[in-house]
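> As a plain string of letters, each chain reads:
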Amino acid sequence: MAHLTEGTLRRMVDDPDSLREDVAHLEGCADCQTLFKSISDDARSVASMLAVPEARVDVTRAYERVRSASAAGPRLGFRLPALMPRSRPMILALAATFVAIAVLAVVAQDFKTNLQPTTVTPVPVTVADMQALSQLSNYGTVTWTKQPNLQVVSSAADAASVAGGMQPPVVTNLPKGVSTNITYAAMPQAVAVFTFSSDKAAAAAAQQGKTLPKMPASMDGAQLTVTVGPAVGEIFGDLQKSSGTGSGTSQLSLPQLIVGKSAAPTATSTQVTVQQMEDVILAQPGISPELKAAIKAIGNPGTALPIPIPVPYATSTTVTVQGVQGVALGDNTGVGSGVIWVKNGVVYAVAGSIKQSDAIDIANNLK
Amino acid sequence: MNLGARRMSNAKADDEAFEALFRTEYARVVGIANRVLADSHEAEDVAQEVFIDFHRLHSASADYAPAWLHRAAAHASLNKLRGARRRYRREVAQATEEGDRTLDPQKQVEVDEERRRVREGLARLAPRPAAVLVLRASGLSYAEVAGALGVGIGQIGTMLRRAEAALRKEVTRGTSD
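Same order as they appear, the protein sequences are chains F and P.
Under numbering that gives the first Met the number 0, the residue at position 107 of the first sequence is numbered 106, and the numbers go up by one with no gaps.
Under numbering that gives the first Met the number 0, the residue at position 128 of the second sequence is numbered 127, and the numbers go up by one with no gaps.
For reference, chain P alone in the conformation it holds in the complex (with noise of 0.2 Å):
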């Protein structure tokens, strides 16, 4: 075979296990992005950018690709929760238009107003907590937290537990404000 045949069926094996790996991880990866954006629609859009990322640069077969697919996700959606404030108003839109539409207009306001909240005290924390309390909510095991942060898995206890005492105290403290 020559050099051009042979890049063309690596290219074509390449496919399909890039479509497997999209396939197994596409609703894990939104979920995650949703988790911190609470907007489904953002949440496909960092996980679509986030799977042409990875197309672009590495290999679907290679052994890290959910990790590297978790934690680019969290990041991602995470560095979009800092940098854009004004989301919150189309948030608010969103969620009366698609999730709690059985609450009550006062209760909504109230769920809303918590959301908010929320992910305000989340864009304050530092990018690891942050992303340990985001992963973990999303489903993910402590062996997969741990993999997709390149940590141990016995760390995961301590540093979910330091997240979430940051997290409260956060939240505690927007509510004052």
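Bound conformation, chain F alone (with noise of 0.2 Å):
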């Protein structure tokens, strides 16, 4: 019989059951003896390399943390299709195509948004900074007065109805191989609104040891209210085809192309200006850096939008669109790109698993 492999023999270690020939070839072969000798010092080695105390973990307290940070960015009202694995790739076209959404839905959660934007600014962000400030509860309190309700719609007449009137964009020349099968999504104005709270965000600091940073004293009950939408969109792709028989984790195809359109969102505030509640939030323990210095580095505050970009994806571009400056993401490999701008108070977003250049010539020729 051959002598053993180093994965039998790996195995053999982990696995006193191995099968009956390899042990009894095990037995009576000396270079398989000394092989396994070696194997098994390196694998008990890297074992107690590893070894770490245990993590203990309340379970219920991080479920409360998970679940709030889900629900501080409002759900889709949609699922977007299940990803294997496997398809890398395909998960950063979806970036693309939540860039997109997050112009729509995420923009609530950043509360740098001024009156009346006129150009967008790519701000990259992790998922741990889209977390610190859905940590914003711990500062004050956060409550929708209208509530994000996106709806799948199966018209674009019942998208105008749900948006109060917004008609979806209409794409002139859609590229070949786009499925031309559109669901679309619309979503009524909603309103947030943040009250800070001095002892709250005394209590938060003193958790993490440190004392409150400096700030004015109208702060306290300060409110801050943010209107995003309403908003309309069309996703191009076979999403429901998977609908009926099957299983239910059955795969949806991914959507090949969004194209949105949102009224930009507004900030107001009372008791103090919305830049000093914006400091004040910024300077709070549990912002990251990072975050805090790409958002202070966007040019003009009172006109820029902030767009969160997750940290991988965000090489970005200035182009312009429509007579417009909009930036545009991703690349021309056809793997995920898109482009968003704001035009007349209104943020455009185009995005899918398109050629960039594709991408900016829907832009052009939205209608």
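Simulated from the structure, these hints should not be mistaken for laboratory data.
Where is the CB? At the ideal position from N, CA and C, for every residue including glycine.
Careful, some of the hints might be misleading.
Straight-line C-alpha distance at most 25 Å; calculated DSS-like pairs for lysine-lysine [as the list claims (entries may be wrong)]:
#1 P/Lys168 <-> F/Lys36
#2 F/Lys145 <-> F/Lys175
#3 F/Lys213 <-> F/Lys199
#4 F/Lys145 <-> P/Lys11
#5 F/Lys36 <-> F/Lys175
#6 F/Lys354 <-> F/Lys342
Stretches of chain P that chain F covers, calculated by requiring three or more beta carbons in the stretch to come under 8 Å of a beta carbon on chain F [stated by the list, open to error]:
#7 28-39
#8 47-55
#9 125-131
#10 164-172
Each of the two chains sits in its own frame; use the hints to bring them together as a complex.
What follows is the structure, encoded as structure tokens:
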């Protein structure tokens, strides 16, 4: 019999009930015994190297944290297609589309918004940054006076009626290969109010062993009101393909193209200026220095709409779209790209698993 | 039932499935990240990010949910390890605070030093061998490791063997530097 492979020998270290013929060979083979000893030495040594004090977790508390982080960003009214773990490149495409959706949905989390932005600025963010912003509830209360309620509807007319009359954009030159199957999504205006509480903020700071940063006396009870939407969008792709038969987890195909528009978000405040509110919030412990720096770096806070973009996909270029300045993300590989711009108080986004040049072309011809 | 109401009941079932998945898998996902980072606070942060990412994009009742979480936990924490060398200082402080208080100071220094060298070695390994080591060391079976990495179960013995030899070499190299 041939000698045992290293893989087989390694497995025998973990599994005393190995194949009887392998065990028999090992018992009678000095070479394999030598190798086995060296393999099991390595295995034992690595096991002890990787030993760490066990993490004690409070699952219930952790669950509450994750829930509130998920809830702070309004859940999309429809489920994005399931992705198998190995479809990494598709995740990139999805991230690009997520960026577009972020404009419509996640911006509510970003209290940097100001009255009537006229340009967009990408801000690279990590999931931790998003979470940090959603921990705003440590410094006050966040309430939705109008809940974000994204709905999936079957026609452009229905979408317009949900969105208070805002008409979905019309794509006039669809690239070849993009499905003509359109799903419409629409969201009425949503309004979030954040009320700052000095007591809560002091308690949160104390918990981290820090004192509260200096702030205007009138901060306590100051309110920041952020309005997003209404918004409408079109999703190109056979999203509903798996409905009906089959297991509940059967895969849906990825949306190939998402086109959306939304009234530019606005922010107003009481007692203090939006700028003061923002400075205080950014000074709180727990918001990452990177995010802080990125937000600070935005040129004109009165007019630039920050768009959260996951860090790994944050390659962006400035482009001219429909006569105004916009931001293009992604590249020409066709894996994923998007364009975002603001015109006449409306934020537009085009994104999908298409080439960047196609995305810009669609954007320029959007009616 | 109209479309809106059906969506709402789907969403509720989905939330319940997610909570069940969270309760079953959270400790293990933290365990994987902790194995890499040797820092239980950071491990919990990574684990929570992984669950939030999962929840955004996937159905909690998907068959592949645990495998996805395990893989994501390994990769996210390894990425973090590669990215943040400054972390070691905090790790040392925290390990002293939490774990091995029974050790005498001299021994403690040795343990910390060893832990630092192992993490540096782990950060230098290619992503897949590093993930194999971490997942297996976190108590996943061969079948679970294979599921998380999307390879055949028959490959795990060989992958483990190579990764262990590579880590030992990296750590030894770190000592002789």
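> Hinted pair, alpha-carbon criterion (25 Å max): F/Lys36, F/Lys175. Please report holds or violated.
60 Å, violated
> Regarding the pair F/Lys145 and F/Lys175, is the alpha-carbon distance no greater than 25 Å?
Since the Cα atoms of F/Lys145 and F/Lys175 sit roughly 40 Å apart, the hinted pair is violated (cutoff 25 Å).
> Given the hint that P/Lys168 pairs with F/Lys36, test it: the Cα-Cα distance must not exceed 25 Å.
Roughly 17 Å separates the two Cα atoms, so the pair holds.
> Does F/Lys354 pair with F/Lys342 here, judged by a C-alpha cut-off of 25 Å?
23 Å, holds
> Between F/Lys213 and F/Lys199, does the CA-CA distance stay at or below 25 Å?
Holds: F/Lys213 and F/Lys199 sit about 15 Å apart, inside 25 Å.
> According to a criterion of three or more residues whose C-beta lies within less than 8 Å of a C-beta of chain F, is the segment 47-55 of chain P covered?
holds (count 7)
> Confirm or reject the coverage of the segment 28-39 of chain P by chain F under the rule of 3 or more residues with a beta carbon closer than 8 Å to the chain's beta carbons.
holds (count 6)
> How does the coverage statement for the segment 164-172 of chain P fare against chain F, requiring three or more residues with Cβ below 8 Å from a Cβ of that chain?
Three-residue rule met by the segment 164-172 of chain P, so holds; n is 4.
> Verify this for me: three or more residues of the segment 125-131 of chain P with a beta carbon less than 8 Å from a beta carbon of chain F.
violated (count 0)
> With the threshold set at 25 Å, check whether the alpha-carbon distance from F/Lys145 to P/Lys11 stays at or below it.
Satisfied, since the Cα-Cα distance of roughly 20 Å is no more than 25 Å.
Violated hints, listed in ascending order, are 2, 5, 9; each of the other numbered hints is respected by the structure.
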